[in-house]
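Residue numbers (the numbering used here), protein chains in the order written: chain A, 26 to 306; chain B, 26 to 306; chain C, 26 to 306; chain D, 26 to 306.
Everything labelled a hint here was simulated from the structure, so no lab data went into it. Note that the structure is a prediction, hence the values are computed from the model and not measured. Using N, Cα and C, we set each Cβ at its ideal position, and we do this for glycine too. Among these hints, one or two may not hold up.
To be verified - With a cut-off of at most 27 Å between alpha-carbon atoms, the simulated BS3-like pairs for lysine-lysine come out as follows:
(1) B:K169 to B:K37
(2) D:K85 to D:K243
(3) B:K169 to B:K85
(4) A:K243 to A:K85
(5) C:K169 to C:K243
(6) D:K243 to D:K37
(7) D:K243 to A:K37
(8) C:K169 to B:K37
(9) D:K85 to A:K243
Unchecked claim - Some but not every residue of chain C turned toward chain B, in silico, with C-beta under 8 Å:
(10) G54
(11) V55
(12) V139
(13) L140
(14) I181
(15) D210
(16) I212
(17) A240
(18) V255
(19) A256
(20) A257
(21) G258
(22) V296
(23) A299
4 protein chains.
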Amino acid sequence: MKNAVQAIMPEKLFSRERVAEGTLVRAGGVTIGGREIVVMAGPCAVEDREQLLGAAQAVKNAGAAVLRGGAFKPRTSPYSFQGLGEEGLKMLAEVRDITGLPVITEVMDPRQVVLVADYADILQIGTRNMQNYTLLREVAGAGKPVLLKRGQSATIEEWLLAAEYILAAGNSQVILCERGIRGFDPILRNTLDLASVAVVKQMTHLPVIVDPSHAVGKWHYVPAMARAAVAAGADGLLIEVHPCPERALCDGQQSLTPEHFALLMGQLQHVARAVGRTLSL
Amino acid sequence: MKNAVQAIMPEKLFSRERVAEGTLVRAGGVTIGGREIVVMAGPCAVEDREQLLGAAQAVKNAGAAVLRGGAFKPRTSPYSFQGLGEEGLKMLAEVRDITGLPVITEVMDPRQVVLVADYADILQIGTRNMQNYTLLREVAGAGKPVLLKRGQSATIEEWLLAAEYILAAGNSQVILCERGIRGFDPILRNTLDLASVAVVKQMTHLPVIVDPSHAVGKWHYVPAMARAAVAAGADGLLIEVHPCPERALCDGQQSLTPEHFALLMGQLQHVARAVGRTLSL
Amino acid sequence: MKNAVQAIMPEKLFSRERVAEGTLVRAGGVTIGGREIVVMAGPCAVEDREQLLGAAQAVKNAGAAVLRGGAFKPRTSPYSFQGLGEEGLKMLAEVRDITGLPVITEVMDPRQVVLVADYADILQIGTRNMQNYTLLREVAGAGKPVLLKRGQSATIEEWLLAAEYILAAGNSQVILCERGIRGFDPILRNTLDLASVAVVKQMTHLPVIVDPSHAVGKWHYVPAMARAAVAAGADGLLIEVHPCPERALCDGQQSLTPEHFALLMGQLQHVARAVGRTLSL
Amino acid sequence: MKNAVQAIMPEKLFSRERVAEGTLVRAGGVTIGGREIVVMAGPCAVEDREQLLGAAQAVKNAGAAVLRGGAFKPRTSPYSFQGLGEEGLKMLAEVRDITGLPVITEVMDPRQVVLVADYADILQIGTRNMQNYTLLREVAGAGKPVLLKRGQSATIEEWLLAAEYILAAGNSQVILCERGIRGFDPILRNTLDLASVAVVKQMTHLPVIVDPSHAVGKWHYVPAMARAAVAAGADGLLIEVHPCPERALCDGQQSLTPEHFALLMGQLQHVARAVGRTLSL
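Chain A on its own, in the form it takes in the complex (with noise of 0.2 Å):
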């Protein structure tokens, strides 16, 4: 049985030889993995239609090209507050028809894959689900383009091999984002591993962007990562603004004002361009 298994092995779908001029994601007219960088930004999670509208306008004018917000919150605790679930997602929705930013939103479940993609133009997965077979399965089928978080202690082969299981279930819009992996310092939340992000773009044609803000979990560290991000070959961000920060329901310490966002997007626009990217404001 062995055998039969070798014998059915491809040379691996994530490849870079496979797509050599790298793979283009598109998603609500943005394209992702060209040579404009992509930010996505918005609050760590969607808490009321107000908090949301603010914060899609606030990035949208600051230049951000996709709306990020959490429906479906997986915590560590089981009383911490767990998102709105549908009703999140339906704001989401209606902030992406007010403002026309494209919207991704994390799915946790397999049995809610197909709402999740009703409302959201991709779907992420989360860091702890990263090698959720199953879940991985099941987005594959959705038809709309993913983004998956590298796993906390997850190897660069790991991975992309998670990448493989939506790219073998015939899904080839997949976007990879790191966000940092375990790390033994107090001070920072997790190590950013921005060698990962030069390995990968080697390894793989797919798309690559950096997740600062859960990386290092304090509002002060994110600007200067997302500038190391740029500089180091990302091809987009996701990055946590909250009209309030001192107010968020989750993650409140680790996200940027409108204000603080405005002025790093100003900053990566003149990173993007000394490596010959362009980031439109």
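Following the hints, position chains B, C and D against chain A.
This is chains B, C and D only, laid out in the frame that chain A set:
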């Protein structure tokens, strides 16, 4: 809303003081968490009836109390052998009927929990799914004990809070399983964190067992770590045994032969007695 | 030049096959690496004559074979207590004369190796200096056994190659000491990697002991890890004992009281016998 | 005694608020910590006069401001090339006279600090010696700036406290150098922790540079990480360049050719400007 969430947060259900004498988990006539060390053994994956029955009879003869074997296998690559599925579950049930050994097997898909619970005596949540909260909630409702492996980079607090998801959903029959954390040494597959056993025994009333096979990844080091786990206070062990490791479809290099396993059980009996526990061969 | 370097590279001196029966290290009448488990115990730092003598008599009465105590202390902060220096060495020697216990103490400065070797029976290289090659070469020439602690993030190969520096300089009396590696869990000071004991016993003929006190950093977890170390095959232990831990100038929270130490020694004797070793109380 | 120790503990000398505008380190006409990004480049080890002079002229032509090169090499194996010693120091001094580039080189032995300081403009403390407090105190007194590499598993606090040893001994001319921490991915030599640059810039007034070559261990990934380091706010870079990497006695696989280095310097100039810094070519 935040205040409302905090208001309903109870004292943690896993806390030691909740069940001072320690929780006893009962499955198919076996009690985990008492004075007796419980050894669960068998092949990584169910491959065929003959392999499974051979392994089951061998581990039973050597003193194992529970049969392990995977029907649904979480594999890093989508092209690796993924398990026999329901066919494997049927074999496990048949071999249980023949040998009298209760069966532990992994479930990965929340939609298959009812199916797996139909055949298994203990439901296993693998390391990759420790924070798959959808799955944790689902297994909690299946009416069977749950073995929760520690995530590869989970802190002890995250691990206990994952158990809390199951407890909070109404299932008090949870067994924790230390199986190694991500480390930097290329010789070993993972770093077996035996101090976590001592910490967890102090923090919770739940039983804790150790899987030395996945931790070290090489059969040669399994006996030393199994002995150390019992000396550290573990309530049991999960050990891979294969009638013919070199022909295994999965993790053969970390599987003991029946002969080595029988030898180990004799050693474990001595160590169990040395720390005031028992192990019936 | 590269070829010349390769040409003189011998088979490694630490390799198992060089001394099939295992190296015996002898210090002050004590043999490390034989059937007898050797427990080295005492305070983290020598603080004064009374503290040291009290600790020494207590650990001797409980069955310890070697007295540990730091005169030169490597401290993370330059403002922490740095040890009594030569005054501390003199106290160690005096207490050895009174109790008959040979003494192990750390040396940090290559220029003090002769001085420390004048007083000590075993020279300790601390975790921070595992790859301080200048110091390794110097201790090799002092005519005393050397205990080499594993660096906090050293691979097993790097650790053995550090030992090779001492062996290659002509000193075959080297004891390895696993003392925990850097980990991510905030509850424990380090991650005790007991599997390294099993690996190292297979790869080298040198004796290996374990320091559970520095590994876990909290006295409460020391006994479980000490028992596990013996069960895993360690040839001895290095344990911090202080007559009055809450008044210790250094690492009090990880020191056992004499009472807890005596209790532990009784437990260790049982575990030692269970794995075919001895421990004389 | 404890109280006495605490009484003399000053506010930390490394603290940001001590030197609000940031410390400027000056060596051989070069200023580190100002607006100008300082690139230190050269071979891992000094091998011979021709190699060193070729590398020095190449990196100078490309815009490097300081020449790096090891005369005393800390090597994992005692059988690896250990450096040319004083002969190498003389070559460094001669090449400095020819090219005008100040020289940075590592010192490992406290007894050689005076010797190395005689030839070098900046004394380097390697990652293995970050907590070699004997050496730290000795270099503090040599009257030359010190570059302190982060230990492979040092927390940021431990790193700053190691710097404190030098500051407290009276030498304020300290440069910190992030060079990657131990990680679990087998593709990369270490994990470059660029967020540490942002954290350290906030916590201390000392300049911080980055060594991408040792961090990634493969030349191919060095340029992306060098660009990212500048974007993250580093004050300079330490980069390995070898006239002929495939013939290098040490770390050839992570060395850039002069051509790749010149290309990189052009890119760095753009990134430096994008973040409001300068880099003169």
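Comparing the hints with the structure gives:
About 21 Å separates the Cα atoms of K169 of chain B and K37 of chain B, which keeps this hinted pair within 27 Å; it holds. For the suggested pair K85 of chain D and K243 of chain D, the alpha carbons sit about 23 Å apart, so the restraint of at most 27 Å is met. Distance hint between K169 of chain B and K85 of chain B is fulfilled; the C-alpha atoms sit about 22 Å from each other, no more than 27 Å. A distance of roughly 23 Å separates the Cα atoms of K243 of chain A and K85 of chain A; the hinted pair therefore holds under the 27 Å criterion.
Between the alpha carbons of K169 of chain C and K243 of chain C the distance comes to roughly 31 Å, so the proposed pair goes past 27 Å and is violated. Restraint check for K243 of chain D and K37 of chain D: the C-alpha separation of about 37 Å exceeds 27 Å, so the hint is violated. Distance hint between K243 of chain D and K37 of chain A is fulfilled; the C-alpha atoms sit about 23 Å from each other, no more than 27 Å. A threshold of 27 Å between alpha carbons decides the hint, and for K169 of chain C with K37 of chain B the separation of about 54 Å lies outside it, so the pair is violated.
For the suggested pair K85 of chain D and K243 of chain A, the alpha carbons sit about 39 Å apart, so the restraint of at most 27 Å is broken. Given the 8 Å rule on beta carbons, the hint for G54 of chain C is violated: about 28 Å separates it from the nearest Cβ of chain B. With a least beta-carbon distance of about 24 Å to chain B, the hint placing V55 of chain C at the interface is violated under the 8 Å criterion. Checking V139 of chain C against chain B by beta carbon gives a least distance of about 35 Å; that is not within 8 Å, so the hint is violated.
A cut of 8 Å between beta carbons decides the hint on L140 of chain C: the least distance to chain B is about 35 Å, and the hint is violated. Annotation: I181 of chain C was flagged as interfacial toward chain B, and the flag holds, the nearest CB pair being 6 Å apart, inside 8 Å. With its C-beta approaching chain B no nearer than about 5 Å, D210 of chain C sits inside the 8 Å limit, and its interface hint holds. Checking I212 of chain C against chain B: minimum C-beta separation of about 6 Å stays under 8 Å; hint holds.
The interface hint given for A240 of chain C is met, as the beta carbon of that residue sits about 7 Å from the closest beta carbon of chain B, less than 8 Å. Restraint check, V255 of chain C versus chain B: the minimum CB separation of about 7 Å is within 8 Å; hint holds. Given hint, A256 of chain C at the interface with chain B, holds; its Cβ is 4 Å from that chain's nearest Cβ, closer than 8 Å. The interface hint given for A257 of chain C is met, as the beta carbon of that residue sits about 4 Å from the closest beta carbon of chain B, less than 8 Å.
Because the smallest distance between the Cβ of G258 of chain C and any Cβ of chain B comes to about 5 Å, under 8 Å, the interface hint for this residue holds. Because the smallest distance between the Cβ of V296 of chain C and any Cβ of chain B comes to about 5 Å, under 8 Å, the interface hint for this residue holds. Interface hint at A299 of chain C: satisfied, since its Cβ lies 4 Å from the closest Cβ of chain B, which is below the 8 Å cut-off.
Consistency with the previously given hints fails for numbers 5, 6, 8, 9, 10, 11, 12 and 13, ordered from lowest to highest.
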